[in-house]
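Spelled out, the chains give:
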Amino acid sequence: MKPVLEGRDVSRSFGGLMALHRVSFQLFEGEIVGLIGPNGSGKTTLFNAITGVFPPQEGEILLDGKPISRLKPFQICRMGIGRTFQIVRPFLKMTCLENVLVGIVGKDEKGTSREERVEQALLELEFVGLGGQSHRLAGSLTLLQKKMLELARALATRPRVLLLDEVLAGLNPSEILQALHMIEAIRVKRKVTIFWVEHVMGAIMTACQRIIVLDQGRKIAEGPPDEVRSNPRVIEAYLGGADA
Amino acid sequence: MRKLVGVLLGFLVLVWASDPWAADTIKIGVVGPRTGPAAATGKAFEEGIALALDHINASGGVLGKQVEVVFEDTGGVPEKAASGFEKLVTRDQVPIVVGESHSSSALAEIEVANRYKVPFIICEAWHDDITKKNYKWVFRAGPANSGVVDFYIAPFVKDMGFKKVAIVRENSDWGVGIAERTEYNLTKMNIPFVTLKVEREAKDFYTELTKLKAENPEIILAYIYGTGLHFFLAQAHEVGLAPKALVLDGAGPPSLWESFWKNVGDAGELELFISSMHQDVHLTPTSRKFWDDYKKKFGKDPSDYKTRSIYNVLLIAADAINRAKSTNNEAIVDALEKTELEVTTGVVKFGLNPGSYEYHQWMPPMLVVQWQNKKQVVVYPKEAATGVLVRAK
Amino acid sequence: MKRAGLAGVFLIAILVPFFLNQYWLHVAIISLFYVMMASSWNLIAGYTGQVSFAHAAFAGVGAYTSGMLALYGGVHPALGIIAGTLLAGVLGLGLGGLCIRMGGIYLSLTTLGFSEILRIIITNEEQWTRGTMGLQIPGVFSVYSKTHYYFLFLAVTLAFLVLMRRLLNSDTGLAFRAVLNDELAASTSGIDTVRVRLMAFTSSSAMAGLAGGLYGHYLMLITPDIPSLGQMFLVLAMAVIGGMGSFAGPIIGAIALEFLSEYIRIYGEYHLLLFGLVALVIARFAPSGMVGLWEKIWRRR
Amino acid sequence: MSEFLMFLTNGLVMGGINAISALGVSLVVGIMRVINFAHGEMYIFGGYLSYQLAVGAGIPPVLSMLCSVAAVFLGGLAIEKWLIRPTYGDEMYSLIITFILSIILQNAALLIFGPYPVKPPSLVFGATNIFGLFHYGNQRLLSLALAAGIIGAIMYLVRRTWFGKSVRAISQDREMAAMLGVDHLKVNMISFGLGCALAASAGAIIAPIFPVTPSGSGAVSLTAFVVVVLGGMGSLKGCIAGGVILGVLENLGAAYISTDYRHIFGFIILIGVLVLRPWGLFGKRI
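Protein chains in written order, with the numbering used here: chain F, 1 to 244; chain W, 1001 to 1393; chain R, 2001 to 2301; chain G, 3001 to 3286.
These aren't lab readings, by the way, just hints derived from the structure by calculation. Think of the CB as a built atom: it goes at the ideal place given N, C-alpha and C, for glycine as much as any other residue. Wrong hints could be hidden among the right ones.
Under 10 Å between C-beta atoms, here's a sample of chain W residues computed to sit facing chain G [claimed, not checked]:
id : residue
1  : G1036
2  : H1237
3  : S1259
Let's have the full structure, built from the sequences with the hints guiding it.
Dropping the structure here:
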């Protein structure tokens, strides 16, 4: 089976500081893969490299076998990679509906009428549980709602792969449960492959089939949750991280 | 939306309410720079206006009414000058406008004067085209480039026996026009010359001066207005060009400003400048009266001859309205064409033959003055001279 | 209700020449020029967050292109104005292409540099432009009439505002606002931020060219004052005081400031100082301008 | 030959002045990501204040220069605190604020000092014959020396002091500097004040040669910006090299190509740099 998204020896440094060092990974159709590691281990940097925000300086990233690491963020998005941000970034001065419409317009599907787009946007909002909020300004939403809005915007670009960056941070247990359901629904119903950075260990361990662990810019472990959990290098990385 | 309508309506009401209503004074418009690089001219104009109003209103005003002046600032910028002129005509509805000291501004203003058919007497914009365009509404009771060069600068250069001339001119209508006329005269007289152009408001002339030094001129005709002239003069001394080559300020007033000696230091000695005024040279009784009353009113000697120029044109305007017996534009122009009025510089009579710059033009006599031991000495023309030209050893 | 309001504004605008004298009609025409300038500047600054200092320069490009074509080539001003608009657009495209990728500070500096280059060229190419002395150019109409000019300016301004409104309500407008709100999020949502900014910059520059062309032919005199930084400041102040990023803000700001400057003209040069202080206070304490303040008060009631 | 040397010397003098003025801009850009459009006004105020103190109040010229620079430094601190600080993180906002500020200060200068160029007294008089080749104004030679002295002092400040260490930490990695406990508010404020003071010192030094006018401030700012882009934003070495390159090019260009286009050479360089090497001669590639 060919991977949907693949990274080969991806490296990126900032002013002499190695943020990613020869990281390789593979994501297969319909999978949900977790990406964990202590603070500063390079998780968000890897997402930024995949989405073209800070392209890799060495190595290659491929989507369906096609290299994407020289493309601009908007092109990568149009190829089918959507993402959310660790610190939510909805368009605060725009309404929920407009937020989602940006995603639809960004995908640049010619031929759909304005009405069809609005209808689709409303469906996305409904899907993430923001039905009826379409005319509220994004800035006035709660944190959970903002996260959901960002998710809806990402979904509106019809991604094949969705990168989630700490969607559960700051949510209470019942909200976490809600979010987990939604992520599962995205994977199953929308047939989206998910790459997921998370600090809420319990959730990610139960939800993911496979986990990749980063530490100081290097991949130190990969495998099913149970295996990763008992890997001595992972434990050391986290404990060492806790020490510092 | 309703608020937008409200705001708009409010504006219109304001605008309507501020329309000028019939006044019991006669308004004369004045245009000139009160701000910008030549704001000193505005100051000189203000003094001249004050003195002229004193004299006109003391002798009964115009058509039995007191005269009032509306002084519109041009900033020395043609665009502002044209719109300022237009404001005088459309808003203040003045029957006549006088003044101006920048050729560029004047050339823009005469178009407006011509469009609105408003008489306009220019006092200190020297460009030939101003009267050469032969607009019926435009008069000039002041120097024209051709007159200044043909009758004063060129004969001065020739009579004093200068063998090599440098012309330095700024990029303004006045600078371009007077330099061209000078070149024409020098060519005719077979006197070799070089021309350099400099930016208006420039401050550093080292490059130009170094080039000039290689030419070894005996006299530099500096057509630079404002403090730029001061810096040019000072730097000419620094690079060792002056006073071996004498510098002649082709405009005049900058050499008389208070800041002159501060800015040039010893370099001011032996500098020459064009002037139409000297304390020992009085051509008419009005000139004497002007000098005395100026001293009484402002407690100092008049220094900028533009004070006197604006004073003159205001007298001419008042006289013309009185003789026209109305503020009708045609009547005023008729009266202006028949003017025979004694002002500070002589008896004004406008030229009436169309076809050249001499149409509607009256040229006052000018002097070439030299700073000798910080005293003004008239060195040209001979009949007015109070001393002889001094050259550097 | 909104429709009725718009109709009211339109009716007043149509009636203006019938109860204003020549002088105030002149002021009204100039305000329309500034409405075009401030609104089109708002398109780049207010809607995509790029501070261009070349807006007055583009107006200068329009004015000089059209004016010189008319004077030296005998081209009809209507055609000349179109040529000036196109040239301003093309220059905008080139300049934008040069620096939009580099981002905010670079764009501001490059546009400032462009504006200065243009000023130097106009000042020095005296034989063509007459430098600071200004160039007399023919008017649009064979007979000079302020009423004619007023309706011409009004028609162009309204057409421009309608177009701009439609643009802002389109997908492009949505993209503009997304880029302004959050550039990174917009680009990862599939928006080509460079293209969007370039589009805004180009169309706004072309608009300035159009406004400048009209302005030159109205004044019948073009000088380097049109593309000056002082003029640029006025446009910026109008947008900031009225309210950047709102549609009505720059319109209200332009009309208010132009009329105000006529009322305080006795203070001559110092009206710039006053505008500057007002603009600074507004930019510092009420970044959404008069329109924003008004809305705040409205909502509180 | 002697002419060429004369143009070159003139270029060096202007280059030195360009460099200190641009150092002020570069310092602020490097640390705060703010371009101060009112930079030229600080220069003008430096010149005017030293004139007012020396001529109006009769203070000795050297002292009046120092006082004027100090006054502008304090003004810069206040501007940073009240106007720039609220704009942190919003580039557009700071551009607009400083642009408005420049118009206000320019018109205020017009109101306070009048439109005429003023020329503080020269510290030295006369001219020196350089190697028997050409005459050169002594005040100009002194300016070159002063410029070199100030550049040296700034280099010392950045290389050897607490302030310099903080500055370098911030310009390398903002977050890291914050973690290391660098008080960035204080550093911002001081560097903005210092930026203004550098502009003022350039103004005070040059005023006895090229008198300052309120309308001349725009050109000063523009020159400084060109130098900063040429040298590379935030690079102090770049500023010095850029300043001298621009000064020499402008003077040679004026001498051998066209005097009228003296100031256009800088902008052509600006556009060229943006096309070919947007990060400047010494800047870090982005």
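So, going through the hints one by one against the coordinates:
1. Using the Cβ-Cβ criterion of 10 Å, the hint placing W:G1036 at the interface with chain G is satisfied: the shortest such distance is roughly 6 Å.
2. For W:H1237, the suggested interface contact is upheld, since its CB lies about 8 Å from the closest CB of chain G, less than 10 Å.
3. The beta carbon of W:S1259 is positioned within 10 Å of a beta carbon in chain G (closest approach about 6 Å), and the interface hint is therefore held.
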